[in-house]
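Visitor: These protein sequence lines map, in sequence, to chains A and B. Last residue of the first sequence: 475 in my numbering, with the numbers rising by one and none dropped. Last residue of the second sequence: 432 in my numbering, with the numbers rising by one and none dropped.
Treat the hints with care, as some may be off.
Chain A regions said to be covered by chain B (calculated; three or more residues, Cβ under 8 Å) [as the list claims (entries may be wrong)]:
| no. | segment |
| --- | --- |
| 1 | 74-82 |
| 2 | 234-248 |
| 3 | 451-462 |
Calculated directly from the structure, the hints in this document are not laboratory data. The beta-carbon is built from N, C-alpha and C at its ideal position, and this holds for glycine as well.
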Amino acid sequence: MKVEMSHFLLERRSTIKKLITQLSESFKYVSVLGSDTHGKRYSVQRKGVAINDSMWNERGFVIKVYNGIGYSEYSFNEIDDSNVEKIAENIKKRVNNQIKTLSSKVQITKYPIIKEEKIEDNFLGEVKILPQHSSDKNIIEKLTKVKDKALAISELIFEASVSMQQVQVSKIFISNDKDLYQSYVWSEGYIVTMGRKGDNTKVNYSSFSGLKGAELLDEMEDKVQETVDMTIKLLGAKSVEPGEYEVVCSPDVSGIIAHEAFGHGVEMDMFVKNRAKAAQYIDKPVASTLVNMHDGATSASHVSSYLFDDEGVVGGDTKIIENGILKRGISDTLSALRLGIKATGNGKRFSFERKAYTRMTNTFFAPGNDKVEDMIASIKKGYLLECPSSGMEDPKNWGIQCMISYGKEIIDGKLTENIVSPVVLTGYVPDLLKSISMVSGDVELGGSGACGKGYKEWVKVSSGGPYIKAKVRMG
Amino acid sequence: MINKIKDILENSEVEGYKIIETKTESEELFLVKKDVDMARSKDVHHFKVTVYKTFEEDGVKFKGSSSFDIHPTMNEAEINKLIDDGIFAAGFVKNEYYDIAKAEDKKIENVKSKFSKGELSEWMPKLMEALYENDNEEKGGINSAEIFLDKNYKRIIVSNGTDLSYESYSGMIEFITTWKESEEIELYKMLTFSDYDPQFISNSVEQMIFLAKERANAKDTVPSGKYKVILTGEPVKEVLSYYVDKSNAAYVYNKLSTHQLGDSIQGKEVKGDSINLILDPILENSVCSAPIDDDGVVLSKVSVIEDGKLKSYHGDLRHSYYLKTEATGDIKNFVIAAGSKSIDDMKKEPYLELITFSDFQIDSITGDFGGEIRLGWYFDGETTTKITGGSLNANIANIHNNFYLSKEVQHGEGFSGPKAIEMFDLTIAGKA
Chain A
1 MKVEMSHFLL ERRSTIKKLI TQLSESFKYV SVLGSDTHGK RYSVQRKGVA INDSMWNERG
61 FVIKVYNGIG YSEYSFNEID DSNVEKIAEN IKKRVNNQIK TLSSKVQITK YPIIKEEKIE
121 DNFLGEVKIL PQHSSDKNII EKLTKVKDKA LAISELIFEA SVSMQQVQVS KIFISNDKDL
181 YQSYVWSEGY IVTMGRKGDN TKVNYSSFSG LKGAELLDEM EDKVQETVDM TIKLLGAKSV
241 EPGEYEVVCS PDVSGIIAHE AFGHGVEMDM FVKNRAKAAQ YIDKPVASTL VNMHDGATSA
301 SHVSSYLFDD EGVVGGDTKI IENGILKRGI SDTLSALRLG IKATGNGKRF SFERKAYTRM
361 TNTFFAPGND KVEDMIASIK KGYLLECPSS GMEDPKNWGI QCMISYGKEI IDGKLTENIV
421 SPVVLTGYVP DLLKSISMVS GDVELGGSGA CGKGYKEWVK VSSGGPYIKA KVRMG
Chain B
1 MINKIKDILE NSEVEGYKII ETKTESEELF LVKKDVDMAR SKDVHHFKVT VYKTFEEDGV
61 KFKGSSSFDI HPTMNEAEIN KLIDDGIFAA GFVKNEYYDI AKAEDKKIEN VKSKFSKGEL
121 SEWMPKLMEA LYENDNEEKG GINSAEIFLD KNYKRIIVSN GTDLSYESYS GMIEFITTWK
181 ESEEIELYKM LTFSDYDPQF ISNSVEQMIF LAKERANAKD TVPSGKYKVI LTGEPVKEVL
241 SYYVDKSNAA YVYNKLSTHQ LGDSIQGKEV KGDSINLILD PILENSVCSA PIDDDGVVLS
301 KVSVIEDGKL KSYHGDLRHS YYLKTEATGD IKNFVIAAGS KSIDDMKKEP YLELITFSDF
361 QIDSITGDFG GEIRLGWYFD GETTTKITGG SLNANIANIH NNFYLSKEVQ HGEGFSGPKA
421 IEMFDLTIAG KA
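This is chain B alone, in the form it adopts within the complex:
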């Protein structure tokens, strides 16, 4: 099929094109308690085509493009029509001109994974075993879970001569843990992985059961007011993703970020820890790991922010061309260097530690972040109390010139970095 699409494109009036072919084979299990409620599998094959067109209007040069899906069940007439429509549409896409660089003469490798040894279906019972290994408590445990394991093939052909392909595996386990004291409560967790690491799964379950137990025993929230907050776990990644967005070439080009190279990204006088950001295309056990991006750019590790200063932009071919910077390609994994304080040191003074929210979000454009608190601990200098309820609502621009990152690190989906951030004077909406 891909040769048919390529032949049609080569014989059309298109000036340039890109074909992304993906094949996915998948096994899926849906579990209630420890019983299989449903089993699913799939074999799907997709093609996404982009066509490019350079044109001039009033002496200004533009490069338009249009992307569309080609399904494997389409006949030649349907494919021809889609391509003709795509070329026509690209003529209305008045984007500033950019070049697509010639193909790089580089070889790429598959993303390494133990899942490549054996059939997907054979791994499913092993993943189940890891999931339930630490589910041994009486008052709580896993309520339900979903396990997905995909074998992925991706090939990218570009009219500039690029023809690269690789295989990868992506796993996902979504599970709910519950705990019952006077009332039963639950917590949600989504784990992703690209390699077989049973301990990673069983440790996550153990931690989520512990957190469910803590939430079940948390009775109230703190009074409304200002607190020193220690953010731990997944919300840390969400907050730190702000720096990835703010240094992205598309953000800068579209003025969603006002940062320029050399700028101190945390403001002029940084009292706490400075940010060091690296993008790494191949992080161990990350479903975001890939040797190339969707333009076929071969990816390699890049340092973006050093000691709080923006050293280089990162991004796709188009926006990097506009900023006259080398295209790093679209790298999905990011690494933030560990900070100067241990979590124990952060906890020497009164603090409010927040670990789970209903849905913790940061808006990278405005810098607003927050959410409803599902579990935290308040230390008043003498005793520690489990808390639940209330909300955090803050803006990163107001606090990041004085925050501390933990020495301890964590690894999450597409992320490696500090386990905790210590932030000062954050407003909590709690009890009256």
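With the rest of the complex left out, here is chain A:
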């Protein structure tokens, strides 16, 4: 079913156009992004239930103006037809005072004026069950069933937390040349199971996500047994003997490598700051010839697929690595202006209250031709790595840190019953990417959780890939 656009934003379009007209008398470029995002998060656990609004909820506007030297922004969430003039005056006063105060004390970077092509367009996503057609009762009942099933499997499981959230994102972007709107729905779910034997406690999870509504719940029940079984196995896991190993990475681990190891490194606002080593490697080999990597709102259909980014730039499909050669990065509007390139539609904000940065969308390694069983069979001593828990970027020095929940031991080409947990995967990005020697045929993407820039500015992204065979340092 087609998602319905926010009535609030459609109704406020004329008000925003009035504001833009008034401000255009003082500023050579004016644009407004309006957001009305609404979602609910449902969770059940052994002793508790919660229904709350999603952390992604927002309703407000951010205005960007050319201040004569560069760009200034103002975020606000109270506007109607009666106070447009007052808001316009307030914005003029704040921007002019800010620039006056600063320019007498510091250097302000000069930018050219943003040139936009005329465009009017819209995008409305589709899901099987619209949020307004799903009931709180039904969702809680389904989550409770999953939770009860998990807790019933073994007495070693002392907690099962099952949650899902569905979020409808609606945005408008209006400038003197652009008039865009879009609305789509994404959902995510988690099964988190915790096991305890004596003082030993272990946690495992399965996640679910996509451009879906409450139909996502139907996928969750099938994963309960597997999630619990692994939690119990983790209670017998050992620490990994530190060292370098041949490994097969599952699609979610491939995804975190694509995202952390390379994706952050080609965010071109980092090029502007001279914080990205990748800037020196354009058209140079950075990975094995088997490696192809994409990012873009249209590169896949997942949680970060949209018509336009938070600066009104239409999204696309950027081929970052082609046959092991780094070809190009991704960019927001201002970074593209500084670098003299075309913006790729990757300007994203945590919310209307925050600045736009270059951010990833759907980032993944493209498929190859190998079979997973052949990849495992080719390893004498190594691990099958699954279930990443977090990662951290290092665009300047190309270090990599990924926290992986567990590795399944491979000896003489076969999986054993032994598990190591947790695993810290570290190394030098090109070494890791150049070590990729086999790539499987099917790509899987996941978009649960959120991606930060440093330790803030959370945005929704997906990442993934096929199974890859590589050589990594584990500790």
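With chain A held as given, fit chain B onto it using these hints.
Guide: Same frame as chain A, now just chain B:
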């Protein structure tokens, strides 16, 4: 607007409610080197409403709740619908019954800050000045920075009669320092503050430039193996936050913590220093300082762990009710008492001192902690070598019956406590 929301709630079928109103005024600067790349500001107003519903099923009493946002641009019909939906949803939230205590007759004060004197925009050049005061080196310095200064207003109205409000300020500076020897390297730092303390900012920059220089001169890591590790700086706070989580009422109620009152939280035979933990709602220059929590509970200082023994749980109204303990409220600042050893004493024997990681984390449920090492120093008994690379991977349950906290203290976001922890036999994944 808040009166409109309150009137609608009072005239609805809701049994109990809570409204959290926040207003934020903000100034933001984004800097590349020492130039302003962009300036931003904002004025936003938010309302979060929680509705409560008590109900019975099969003779068991439950208290459900549901929380939702009300935007200032919403009309009366939209607000009415949200409230009706919220009450309906609360009926499916089968949480064990708990009481919301009557309002306390206490007065609260704003969180003290020099930022209250003058406009936010006037403070921004002063913060910039402090940031760049010690950025005077040739081979390195600040690559880029972001400065945020917020003026916050928070009001909490609860149907039990609570109506309290306060103002606070929160500042944040994120900056990257670089240093170039044969290759340029960088380090990341996020500073938060609630008061104007230029020395705190300039000293942090000086230290981060020094650490960047050290990392640029670090060539290799140590061989894989077991080491005596001295953890210093920010990772110390992360490790010690384990004790805050393990004594939290929600953790205990949900069995994420198995500790009971009177338990020795570090195990039975503690050879090293014992933990002493205090929660303090108002710590100087902390963005976590607040006179009340989001339930409107008036906060005061509380001692949680004394000499390694769990003296009291801490937490919100709901989970404290379940554990039949007085609700301390949700206090965000924690203080760990200094230990028995000076850092100099810790360094008399061979050690591996670790200060910066890519992303140092502890999992409070499992006790696992670690990360990739960005900078450390290895002392083999004769010489000290700068090291970078490799990783630490350990579990606190295996080491905390024999660790030492430094006499020297540090202050970080929501934290005051030892500057260093000395830990034994930790596994480092280094070179082969």
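Visitor: Would you list, in rising numerical order, the hints stated earlier that this structure does not obey?
Guide: Structure breaks no hint.
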